[in-house]
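Trainee: Single-letter residue listing:
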Amino acid sequence: MRSKVVLGRLLRNRQARYGGIALILLIALAYIGPYLGAYDWTDKDFLAFLSPPDADHWWGTTSIGQDMYAVTLRGMQKSIVIGLLVALFATGLAALVGAFAGYFGGWVDKVLMWGVDLLLVLPSFLIIAIISPRLRGASWLWFVVLLAAFAWMITSRVVRSMTLSLREREYVQAALYMGIPRWKIILRHIVPNLSSLLIIDATLNVSGAVIGEAALSFFGFGIQPPDVSLGTLIAEGARNATGYPWLFAFPAGLLVLLVLAINLIGDGLRDALDPGSNT
Amino acid sequence: MSILEVRDLTVTFPGGIQAVRGVSYDVAQGEVLGIVGESGSGKSVTSLAIMGLLPQNAVVSGSVKLHGQELLGMEEGELTRVRGKAISMIFQDPLSAFTPVYTIGDQIAEAVRVHQKVGKDKAAKRAVELLDLVGIPHPDVRAKAFPHEFSGGMRQRAMIAMAIANDPDLLICDEPTTALDVTIQAQVLEVLKTAQAETGAGIVMITHDLGVIAGMADRVLVMYAGRPVEQGVVDDIYYRPRMPYTMGLLASIPRVDGEQDTLVPIEGNPPSPAALPPGCPFAPRCPMHIDACDDEEPPLTQIGGGRHVACIRSREIEHKGMTGADVFPVPVIPPSDVARVPREERETVLELDSLVRHYPLMKGAVFKRRVGTVHAVDGITFDIAEGETLALVGESGCGKTTTLQQIMQLTPPQSGRVVVLGKDSSQLDKAARKALRGDLQIVFQDPMAALDPRMPVGDIIAEPLRAHGRKNVSQRVAELLTLVGLAPEHAERYPQQFSGGQRQRIGIARALALEPKLIVLDEPVSALDVSIQAGVINLLEELKNQLGLSYLFVAHDLAVVRHLADRVAVMYLGRIAEIGAVENVYDRPAHPYTQALLSAIPLPDPEMERSRKRILLEGDLPSPADPPSGCRFRTRCPKFARLSEADKQRCVNEEPSVARLARAKDHGAACHYAEEIEVITASENQEEQ
Ligand SMILES: Nc1ncnc2c1ncn2[C@@H]1O[C@H](COP(=O)(O)OP(=O)(O)OP(=O)(O)O)[C@@H](O)[C@H]1O
Ligand code: SF4
Ligand code: SF4
Ligand SMILES: [Mg+2]
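Chains as they are written, first to last, in the numbering used here: chain E, 23 to 301; chain D, 338 to 1026.
Derived from the structure by calculation, the hints contain no laboratory data.
A hint or two may mislead.
Stated by the list, open to error - Straight-line alpha carbon distances no greater than 27 Å define the calculated DSS-like cross-link-like pairs of lysine-lysine that follow:
(1) E:206 <-> D:854
(2) D:462 <-> E:206
(3) D:808 <-> D:771
In isolation and in its complexed conformation, chain E is listed as follows (with noise of 0.2 Å):
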């Protein structure tokens, strides 16, 4: 019942309707978009170094004669994936180590509280650089439960602080008196009303993961040339953005319209959710 009222409050919500549209057809132009091209993103055109764009390179070359329509489109391949996995990674252990800790107490809250504390003081950048160099040539997708691994020990615990306010509502109670197992009252119950932070910082986290992974590429860590993701070509676009504007606009330009999609969808999505919200 919950699921079918809230997928037809989400249709009916024009922010989530424009914000759904404008992510599949970003998705669509990452993924499609390559194929209308003239290049791929590893061809070389070595009679056009940082031309701007035009008909024949649409979005203008790099400085080695890359052309930057293709290059942009599979950095924005991976960026999406990239952003939109960490999110869900991060908000997820979130709202469930919170929750759990949160609910449950004792001895079970002290020892996930003391792990997220473990985790907020050890300097998180240091041990991404330290495991990285390991991870060269493994699966991408280190990268991102390494990404997640240190992007939700902050929201946990605001959950649990507000689990523990939860716990001691009426209805959580009565799920309780209805003979409802725990781990069903914190997933069908606590989460949900939780649902208005959690779908705040899946949001952020999107262009948190995004530009972070692009800070991490910087140091030679996570996406390493000749691969590149969004994060990596704003980066190198930045430092010459004054003279080669395409090189900084258009990877800049998506990254925007991408987390934009994303907020639109997560305030439709909260919206949908909240019931005092008249869609």
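Based on these hints, arrange chain D with the ligands on the given structure of chain E.
Mentor: Okay, now just chain D with the ligands, sitting in the frame of chain E:
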């Protein structure tokens, strides 16, 4: 000569919310004007407008004259001078009226010094005097206490002290006793009367409790949807109401003297102030509604004898002498089959045997250490037979909720036994406990808090069904919704989209989903307006008879209990003071506490209220962490005070246990000197006889 003249006051909030639409009244010196009406009818907004305390975005028009001086549009500085000096206000929640970081005495002295030119010492002395006047024991010591160190009743009294500090001409009291227990309410109302006698002020008394108004007010104004719909002297309003809404309101209140059989609910809900019906605002709920009612809103017109009514059919009502029961359809509640079987032959569905629940009292932030024990529930025993309703009553903090939790948890208690449907809670394994949960369900007090706001109603009701692996869930949900008087289509809506009464019906539907045998009701109607409450009470009664349910009903409203329960157990500080059949306990209470409790309840009957004799209790409930030795009630017991020294010793040394009273079959009291007397209708003249 009237102190306050309100003319055609209107208040509109942004978004077209017409909270108050043309209120006019006068208050004379020493007069008490009662304002009644359901939640959201604009009672509070009216008084805030008079005080000039509304938020900036409210648009106020009309006229408010204090001693002939216009208050609306007065300059802020001047208004502040009037406020607190000539007019004072007493709020429902006294904690919010005091600043937590200053002592009560300082704050009252401050209030004195703002408006009078007196020295610090003198103001402090005056504060102590005022606290003494409102009956705070040891006022000189207590003046140095902080607000949070006062109990609710004491805070409310301190608030009254502050309000009368400058000898105001007018006191506006907004639900001054709603948050208090009945025995404390009786004390506070008494203090208000003293304060009025002392200052000769006029009082505007706002409340939804028709009993309180009956006892306090000289004249009554009934509000509905932001407008007065009837106005007159108190006796006229109560005995000769001429507007269907007032009639319905009076017919819908349960009475502690058990005067009526079935409560008459007013169907529907008050209109939203943003979307009022075109004609009479009560039209959608009015059984006397005719087409002419929708043409225009009936004005408040005089119908003789200083009464004003806003109803086009009021003359007809007057002429035919109609009452609420004639106008509103009296619901028919089918009788119960089980009730015919004698109690002894029925199955016992719940049995508590010397149930104990103590909480450790901890102190210290880092290293917690135990500094004492809270005796929340301290050995209570009762049982409930099939098809029976047992009510557990008592003041807040006496252990009602703890008792319920112990029952609902189905875990072994600290001491004593809980037996549900023949199964001892200490011998249940996980599967048996879950199975038993299907037979034992609960309805909570606050219908908003008890329903997950993020779940559609259909899912909420389906939840217990799914948890117990039932099939055909959606069909059953539709059935349940119909059973509690809602429509099956409502399943897709969220709880917010329902009114309080409807939400409580959803809570009841959820409790009924698994066809339980015993339902625990934790104050199921106390959060509802009277007219809505009647409908829910009737529903509970009907369901019980129809489905053969048993109820354990927790309430602090003894009038509701009398109406719904078969037996009643009165709790005091974690123990049972008196238990027995409702007729026995209400008509011939034997425990001094029950007697005080019953006599404290205001009756919606002005004549009776005027002549009634009250047994007022001294002080507050002692802390359950440190209950008095012997009889726990002895610190407040009026009877104890009258006993000889030798007899007193017994109360001090020996804790009384519930003993059956000789004359009755089902009636017991835990008092060494139990003596049955009549208190509800006891009046002054009876005393003289
Ligand atoms: N600041 C505000 N902004 C908008 N609407 C308001 C505001 N204050 C009150 N209202 C609306 O004005 C109407 C009257 O409210 P009011 O508080 O006077 O009711 P009441 O009769 O005192 O009810 P209760 O018995 O619950 O105290 C309500 O519909 C309320 O929602
Ligand atoms: S005017 Fe009509 S609808 Fe309104 S109270 Fe009177 S009879 Fe009912
Ligand atoms: S036992 Fe004594 S103190 Fe207790 S209620 Fe009876 S008379 Fe009062
Ligand atoms: Mg109010």
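Trainee: Now tell me if each hint is right for this structure.
Mentor: Verification of the hints:
1. Distance hint between residue 206 (chain E) and residue 854 (chain D) is fulfilled; the C-alpha atoms sit about 26 Å from each other, no more than 27 Å.
2. With a C-alpha separation of about 61 Å, the suggested pair residue 462 (chain D) and residue 206 (chain E) falls outside the 27 Å cut-off, and the hint is violated.
3. Between residue 808 (chain D) and residue 771 (chain D) the alpha-carbon distance is near 17 Å, which keeps this suggested pair within the 27 Å criterion.
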